[in-house]
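Engineer: Work the whole structure out from these sequences, hints included.
2 protein chains.
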Amino acid sequence: MSLKKSWVTSANSADHPFPLNNLPYGVFSTADGDPRCGVAIGDMILDMEAAESTGLIALADYPLFDVPFWNEVMDQGPAVWAALRDRLTALLAQGSAEQAKVEPLLVAAADADLHMPFGVSEYTDFYAGMQHAKNMGAILRGSPDLPANWLHIPIGYNGRASSVVVSGTEIHRPNGQTKAPDADMPSFGPSKRLDIELEMGAIVGTGSELGQPITVDEADAMIFGYVLLNDWSARDIQGWEYQPLGPFQGKAFGTSISPWIVTAAALESFRAPTPPREKELLPYLNGSKDGLYDIELEVLMQPEGAEKASSIAKTNYNRMYYSAAEQLCHHASGGCEMSPGDLLGSGTISGAERSEFGSLMELSWAGREPFTLDTGETRGFIEDGDTLTLRGNARGDGFTIGFGDCTGKILPAKTWG
Amino acid sequence: MSLKKSWVTSANSADHPFPLNNLPYGVFSTADGDPRCGVAIGDMILDMEAAESTGLIALADYPLFDVPFWNEVMDQGPAVWAALRDRLTALLAQGSAEQAKVEPLLVAAADADLHMPFGVSEYTDFYAGMQHAKNMGAILRGSPDLPANWLHIPIGYNGRASSVVVSGTEIHRPNGQTKAPDADMPSFGPSKRLDIELEMGAIVGTGSELGQPITVDEADAMIFGYVLLNDWSARDIQGWEYQPLGPFQGKAFGTSISPWIVTAAALESFRAPTPPREKELLPYLNGSKDGLYDIELEVLMQPEGAEKASSIAKTNYNRMYYSAAEQLCHHASGGCEMSPGDLLGSGTISGAERSEFGSLMELSWAGREPFTLDTGETRGFIEDGDTLTLRGNARGDGFTIGFGDCTGKILPAKTWG
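Residue numbers (UniProt numbering), protein chains in the order written: chain W, 1 to 417; chain R, 1 to 417.
Careful: at least some of the hints might be erroneous.
As the list makes no split between identical chains, a pair holds if one copy fits it or if it spans any two.
Lysine-lysine pairs mimicking DSBU-like chemistry, simulated, CA-CA at most 30 angstroms apart [as the list claims (entries may be wrong)]: (1) LYS134 to LYS179; (2) LYS192 to LYS279; (3) LYS101 to LYS5; (4) LYS179 to LYS289; (5) LYS5 to LYS289; (6) LYS179 to LYS279; (7) LYS4 to LYS308; (8) LYS192 to LYS314; (9) LYS314 to LYS4; (10) LYS279 to LYS414; (11) LYS289 to LYS414; (12) LYS5 to LYS279.
None of these hints come from the bench; they were simulated from the model.
Structural biologist: Dropping the structure here:
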């Protein structure tokens, strides 16, 4: 596939994140309007509420775009998703007969604020990167050996949907219980080991029924799109609380996502296989499609007052061991009802080299080997005032499918008010 | 406190679960009407949508009861909760001047179907019963020693809200991965160790802000009410999956709750203290009120075709080590935003004696010591066709605050369809 040209000329650049090939879905507001659905094209946003009310977009007998979330569209199912993408492509393509009607409905992205693009029904986080799992084992348990179930199960746990926020939302450092290995008693206070996790988030677009398992191929077709996801983590809180029932307050204070839903359709030509299975998967986890995507990922860190951010890690989503479709299939395997708007975190994405590690825990080897920023400052974990940014791009032949930054600044911990 | 008398005479019995002292909140439907909010009084249900539309109940400038859930009322906050309870008490009390207006709005409970009383925003399950934690340690790890953090943290994990269902909903046995200790590979199929967990569910009525911790007393005031809760558990799936990130598919196929929300106000006179702390709690976990309640609990089991259910366990909610208010305070301690409609499972409630254990895992000691039902049949775990029922009552002076049964029948596992 090559660049599809649009009459929105800013979209016709090989490096622009939002060419006609992408068409990601978000929610935006302007000085004169409430949050509403929009589609990014070049430097502009197509106002979908206006496009629907003027009759340019007509997908259902009732309005889908008069609400500040994309869940209504998800509910319509894959045939409508495809029809919407086809219609948007036709409206915005170079030579479109309807350019004159569409042009007044474009808003400059520079004039818009972005909001959560969908309502998160429930949030599940996985642990599907092998290098990350080995690193965490080596750091925490002194051995890179994988847990006994790791090569058989896409390990996941339920996270907290209420604390998923859109890029740009500031995050307060969490308080929590921690205990030093040699202390008699735990203490309570601000986390001293605040971290990120570089992940992709898969958004479930159509649901499943309670009690009903699904296949990997069915799961693949249920996925509406993807976002970048930073699963902020307080390693000291997590370390003391997580036995025996898993992470809880160490993960519940914030999860940031990028503001644009990049559809599975836009990523189709970037499909990539999972790596060779080290042990054969049970048959229910086998699907017919390549389930990962070739998406270049980068983490940047910017201390308070620094002029620019330092790149601290680069990796690729195709490094994962399990795909989102495999994870979703496993999620429903016991009969768990899946809902439109469910968000599945991929797990931390780490490549083989230190420079490819997707968390500060790994980059600084638990703080024992701090890394150096462009400013000359060093970091083991996050300090108050630091801004962390995730960036993601799939590179095609003369075009880019970008995600838009997933960024968040850390503020000091709050106390009781 | 003694029995408050109602002109609905069926409510004036010492043993009836729904006297005027109780006034629990549910959602019901009749042959001629959609699901709507109702309040149980004796053998009748007060139709709240009708009471509001006729002007007998007026709590806000817009309707609260034209929807099939109580979340709108929760959103109003504690002052409105108290005003509603006062108004209902006045309307239904013996000698009420408005009896003639209210009487036509009563529906016979026998003619009504009950539905989920509220929308579950998110579901969190705790592990706050000491006897249960010791039993599970002894069974699974060969030692009743508590985890190192147990006496300091009300341990909890995020569960799955989409699979919370109302009493009476049939549950399919889950499929899942299991591995025998001596097997090389796991296998996939229906769980062979299907279990219950006898719990109370606390319903969060008012929320908290992201980043903002709350005190135990604030948490106590945020709780709208309680239900009985059966956290169905597949022990074999859970046993293979839960390291290192906690329970997932072993818990995600169903959680049943009783159909009536018994308000915290109705339970006020049954407050009971938590047991003496074996280690002092950190200050943030200290509150000024007794946080447990004296509620008698019972588990019944009825095989397919048996004429009646056998009582298999009796215990009391006052056996728990941590209260719901302490759990909620801890839940928000890292800044996790809590929402109206969040459901907190207490953790399995087990007393000191075998007859007081709140799960089949404990009652049959992991299936090694099956127990005998009144029919003469024995059980280690649940068989297809078995119906499990939880029952709960707080006993006052001449009155009972009942919860209504929490029941569920197990159907065979489904396969891919």
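Engineer: What hint numbers does the structure not satisfy?
Structural biologist: Violated hints: 7, 12; rest satisfied.
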